[in-house]
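In short: position in the sequence shown from 1, add 5, done, that's this note's numbering.
It is worth saying that the hints were derived from the structure and are not from the lab. Watch out, some of these pointers could steer you wrong.
Said to hold, decoys possible - With a straight-line cut-off of 20 Å between C-alpha atoms, the simulated EDC-like cross-links for lysine to aspartate or glutamate are:
id: 1; residue 1: Lys89; residue 2: Asp49
id: 2; residue 1: Lys89; residue 2: Asp18
id: 3; residue 1: Lys89; residue 2: Asp15
id: 4; residue 1: Lys89; residue 2: Asp113
id: 5; residue 1: Lys89; residue 2: Glu21
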Amino acid sequence: MRPRPLAVFDRLDLWEWRFCQRVTLLSLYRPWRLTLQTASRLGDWPVWVALIAAQPWLQPQHEWRLAQYAATALVAIIVYRFVKTRLCRERPFITYRNGVHCGEPARDRYSFPSGHTMHAVMFCVFVAAHTPWLLPIVLPLSLLIAVSRVGLGLHYTSDVLAGGAMGYIFGLIGLYMMG
Numbered sequence: 006m007r008p009r010p011l012a013v014f015d016r017l018d019l020w021e022w023r024f025c026q027r028v029t030l031l032s033l034y035r036p037w038r039l040t041l042q043t044a045s046r047l048g049d050w051p052v053w054v055a056l057i058a059a060q061p062w063l064q065p066q067h068e069w070r071l072a073q074y075a076a077t078a079l080v081a082i083i084v085y086r087f088v089k090t091r092l093c094r095e096r097p098f099i100t101y102r103n104g105v106h107c108g109e110p111a112r113d114r115y116s117f118p119s120g121h122t123m124h125a126v127m128f129c130v131f132v133a134a135h136t137p138w139l140l141p142i143v144l145p146l147s148l149l150i151a152v153s154r155v156g157l158g159l160h161y162t163s164d165v166l167a168g169g170a171m172g173y174i175f176g177l178i179g180l181y182m183m184g
């Protein structure tokens with residue numbers, strides 16, 4: 006038996022689906038779709054793992070941050086998965102099969118919150134605090150990752166906003182724990 010999503014998601018889905026429908030139509034334009042797919046794939050893990058692994062070279066005097074970034078990311082994943090599997094909000098392309106175009110296969114059935122956006126924002130917080138000279142690269146990439154989630158039909162805008170809020174909170178918690 007499939008868990009029932011919260012009633013608030015039913016209302017949000019109806020409110021957001023037209024926006025999602027319009028945005029995903031843009032992904033029918035091949036160059037834009039390829040850009041969104043590339044951003045989405047980078048947001049899967051490669052950029053963040055590379056950023057964590059590069060900490061000893063980026064901050065030689067603070068190489069211990071590698072472990073703290075990784076620990077914060079791990080805790081964020083655990084909380085994110087817990088929330089996602091309890092709230093069970095269907096992805097827009099599943100709820101509106103004929104209305105929202107899916108530009109990339111989804112890893113799972115549920116959309117709330119956006120884990121890609123959560124990690125992107127969390128690492129923006131870390132970069133802003135510790136290596137701000139990387140922010141002109143990481144911030145636009147993070148924004149493109151967030152846009153890609155809606156543009157590919159994988160998330161509603163509220164999923165992305167919730168993921169961003171979670172990422173910001175985890176980033177602040179991670180900074181606090183780092184001292």
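Structure-based check of each hint:
1. About 16 Å separates the Cα atoms of Lys89 and Asp49, which keeps this hinted pair within 20 Å; it holds.
2. Proximity of Lys89 to Asp18 is assessed by CA-CA distance (about 16 Å); at most 20 Å being required, the pair is judged to hold.
3. Only pairs whose Cα atoms come within 20 Å are accepted, and Lys89 paired with Asp15 is accepted, the gap being roughly 16 Å.
4. Using a Cα cut-off of 20 Å, the hinted pair Lys89 and Asp113 holds, with the two alpha carbons roughly 10 Å apart.
5. A hinted pair counts as satisfied when its Cα atoms are at most 20 Å apart, and Lys89 with Glu21 qualifies at roughly 19 Å.
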